[in-house]
Amino acid sequence: MEVLDKLLNVALLVATLRTTAPILLVGLGGSFTTKAGIFNIGLEGQMLVGAFFAVLGSIWSGSAFVGVLCGVAAALVFALVFALLVVTFRANEVVVGLALNILAGGMTISLMKAVFGTRGSIVGHGIVGLPKVQIPWARELLGSWAPLVSGYTPLVYVAFFAVPLLVLFYRRTRLGLYIRVVGEKPEAAEALGISIARIRYVASLLCGLLAGLAGAHLSLGYITMFTENMSSGRGFMAVAILIFSNGDPLRVLGGCLLFGFADAFSLRLQTFGFPSYLILAVPYAVALVALFALSYRSRPRIIRETLESMRKLLSVEPGRADADNTPST
Amino acid sequence: MAVELIGVTKRFGAFAANDDVSIAVRRGEIHAIIGENGAGKTTLMNVLFGLLQPDEGAIRIEGKDMVMADPAAAIAAGLGMVHQHFKLVPSLSVAENVFLGMEIRRNGLIDHAAQIEKTRELSERFGLKVEPTERVSLLSVGIEQRIEILKVLARGARIIILDEPTAVLTPQESRELFQTLRGFVAGGMTVIFISHHLEEVMEVSDTVTVLRNGKHVATRPTAELTKADLVRMMVGRDVSFARRRRERTAGSVVLEVKNLWARDDRRLPALRDASFTVRAGEIVGIAGVAGNGQTELAEVLTGLRPASHGSAVLKGRDLTTQSPAQIREAGLAHVPGDRMVRGVDGGASISANLLMGRQTRAPWSRNGILDWQVAASQAADMIKRFDIRARGPQDTVKRLSGGNIQKVVLAREFTNDADFLLIDQPTRGVDIGAQESIHDEIMRQRAAGRAVLVISVQLDELLTLADRILVMFNGRIMGEVDGDGADSERIGMMMAGVEAGAATGGAAR
Amino acid sequence: MSDRLRAVYGQLLAVLFALAIGAIIILMVDESPVKVFMTLLRGAFGDQAKIAGTLLQTTPILICGVAACIGLRGGMFNVGIEGQLFLGGFAAAWVGFALPLPAGVHMLVGLAVATLAGAAWVAIPAFFRARYNTNEVVSTILSNYVAVLLTSYFTIFLFKRPGGWSETPPILPTAYLPELFSFSRLNWGLVIGLVLALSVAWFFRYTSKGYSISMVGSAPKFAEYGGVNVKRQGFLVLLVSGAVGGLAGGVETLGVHHRFMEGFAPGFGFDGLIAALLANGSPIGTIVTALFFGALRSGSLLLEVETTASREIITVIQALIILSVSAQVLMKRRGDSTAGERRWKF
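Protein chains in written order, with this note's numbering: chain L, 3 to 331; chain Y, 4 to 512; chain F, 64 to 409.
These are computed hints drawn from the structure, not numbers from a lab.
Honestly, I wouldn't trust all of these hints.
To be verified - Label-pair distances were calculated between CB atoms; the ranges are:
no., chain 1, residue 1, chain 2, residue 2, range
1, Y, Asp463, L, Gly256, 52 to 58 Å
2, Y, Asp321, L, Gln272, 27 to 33 Å
3, F, Met101, L, Val125, 31 to 37 Å
4, L, Glu189, Y, Ala189, 28 to 34 Å
5, F, Leu261, L, Ser65, 55 to 61 Å
A virtual CB, placed ideally from N, CA and C, is assigned to each residue, including glycine.
Can you make the complete structure from the sequences, with help from the hints?
Shown next as structure tokens:
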């Protein structure tokens, strides 16, 4: 019991929300491209350049805010190249996404060497991290539960507030509707004079925007440093979530919370002396298991359907059986 | 004049889909544009609607010169187009679909309530009954078409173009559609409708324009023309789809289907309790409006789709438990309905395509090693025998015309010595000359004692070929008609879901 | 033949274009592109030892490239070669240090176990892809991370060499892949890679199984219609691709390092995939592209020594090459591209 208490408490929930934020941001970004019918495996790279340029911007300007802007701008450039190749040149999206990820990895390391003359990581150099937002009266109203809502960096709030905004966006705005239409039935969009290419560019750029924020959160959020390949597969986990959530914001949130929890929980386990390498593998394993389990669930339900058909056969009564499908006149 | 097309030419590479076509459509008429597949009807309408840019020629709407740079320009000019393949978004509601692209917004957000209200209003005003809040994925084809028409009306179209509107409808639904169209022209609107269906053109249109090979042949008042005139103008010569002469040769039962059920991709029952037999040396036709379970029937018989119940026995083997490879081995040859997806690998050579299904058999392969020389020489033989117009066995299939691609498929399937031939849409998208030679080949297979099942949405084709015609509606076989002296009116009733017994009474409406 | 020549010409143009962009980037990080490229060239082909070094780097890229080709031809994107390489490498090392066997046999058993490990590692993603159509790109990418961490765990926690850090005990000399020359660690692995590439090319061209599999890759519905068991072929394709990926790891362990180390062969799996993509899924073409990437890698070692540029600049160049190739393949008019376009569609 004591062990459980140590494992599951407010701090764990807080840690979960914190670790959820970056993957949620990048997952919501991917929601735009998923809904627009683009399989975007390049999220990882966009996040990575976002993290790197956020650090650069922060050092140069001495402002975390400018850092975030720089990170977003870099991710947007990657998103633009992605859209250019995939939408305009009709290149294979998997190939382009993977190549951009590799480019992001090589480019950040090369630039790190060129700018700082080091390999591995950038620490210090006057990186300014994001401030923590203290919600007034949280302490008084919630007592020991206050850390649940207060004291995060701004991007955590952005991530969670983006979820309802996206729901509204897809349901009630014209752009959101068009993104869905372009993904679901491009012929329909074309026939109505909606430019598929333009919508896909917009979706890709919106995706880059959020992926850049996610990257900035990685390097300026709770730790203020950049390390080689620091996105470490979060972009790919987001893609896994997008596959089984079909890009729906609420389901993306659900999936991301699962990973945030796995992440936070495994960090907690580490303090109990489990081998760190296995612990580090937990989130990836969770992503894989979720991916497989959810595709297993959607298998053809042959048994139930056979029973249903036999029941239909036994109670054959053509007039009635057809009534549901007959075009009404 | 509502619409004038003047000297429109549209080329795709060296091929002219429209060659100097001029047409004038008067206001308040139903103007039919008729021609064979590939005559350039759809291309012409796409040019008019701004989906394609003409290489030469001009477009005038209500007497004013227009440049249709994109569909938006056409819509602004008062045109509306109902495409052959519906462009509705399944996950959206009827109202959302109707107002897609011209959403009603309040404070920047889409006002769903207002859209539903307006849709209801339109639907009542024009007599197109729909429920605005329903999700499109749950609706039937006939209703989807109403939504497409509502979309056009909501945009204030005065000139409505319909591309093959009746291809997916039952005769009864078509009749309803024609009434609606009559209502439109009575209200001062103009309707242009594309068809290759002579009967309905005669029935509904005021004026008819005939296209052939991309060229304009004639524009005349319908009343002055007979069906025979139209056929002559469409084809450029007298063609009679005369019933093929035949001997009664039906032998033993080759395929016996009993109480067969299957589901479609949405996992709804699509084939319901089908039972029939096919004998050696006879051609059995399956008639029906597209999407009434024919595809699923073909897929179940070829092992590409599991049956949910029932059996289909081919020479003593139950096909429903066998893989496609085992079924082929049992003696099936299959010409698929979706030629480019199922029938060929478009990017591969003719000989590679002809190899499919034989890659593990001598003489094409020995001990698992392919003999490409044998494959090429066999391919050369088949190219000659089936008159495939190609440069040679190495020619890439997707460079061939539709008819020639179909001949590649036929060549592969008809030379397999299979006892049972399943031919789905033998001549879809094939020009008339090739149609005849394909029909000849099918009759030869019948004479050779094969059991043949032909699925076609073109009733004329079945009337030409089949010994017996089974009619499918909503997944069910509604009845059987003898090919000799078959009555197309009666078949039409069954295609619309009227039971065989009731249909003999001579068609109520 | 002219079609193929034109395709090669197109790829060459794309490579030149990418190199030009690479040069601009090099300028931006304050280096001279001429100097960088010349250093790369010298580092790759400067003398006998350097050429051997290039071939040494080419070997795993080539074998991984063949693994990727098998997947691409069968319509499967195996992005998990990196992970299969790691597991194969570890498995071979384990056989090498833990199972004393006679010379020769020992080496063969090591390679066989590496192959099995690679296949086993991809088996679950392959099963779900074949049975439930679970996207294999994502599942194999994610399994890379698990594979790398898992082998690190094995190495550091279970089989650590006493006194060493993050490496297993050295393998017994009976398991060594014989070296080809006295002056280099270049070994029979290169020969294995070349034979593998040629036989895979032959398999796809001249066997009925190879025909069926390429049809599954280029037109799955057609193959299904023709009686090919698409699901089973898809499963086998990924399994064999993973097996070859595992073999690459075994060759690297038994031929070069003679032990398994954490991070022993970083990026070879991805380089192999890129080489296969650049070669349009042709195993023979992959021999050329793997040599090219091997030279870049080998040259980059000197680059790090002689210039201020980082060796990762070659990763940037590789990525740029794939980006320009991906755009260029489809820029050609539809009818022109027969091989390239359809291999990448899935």
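Hint check, failures only: 2
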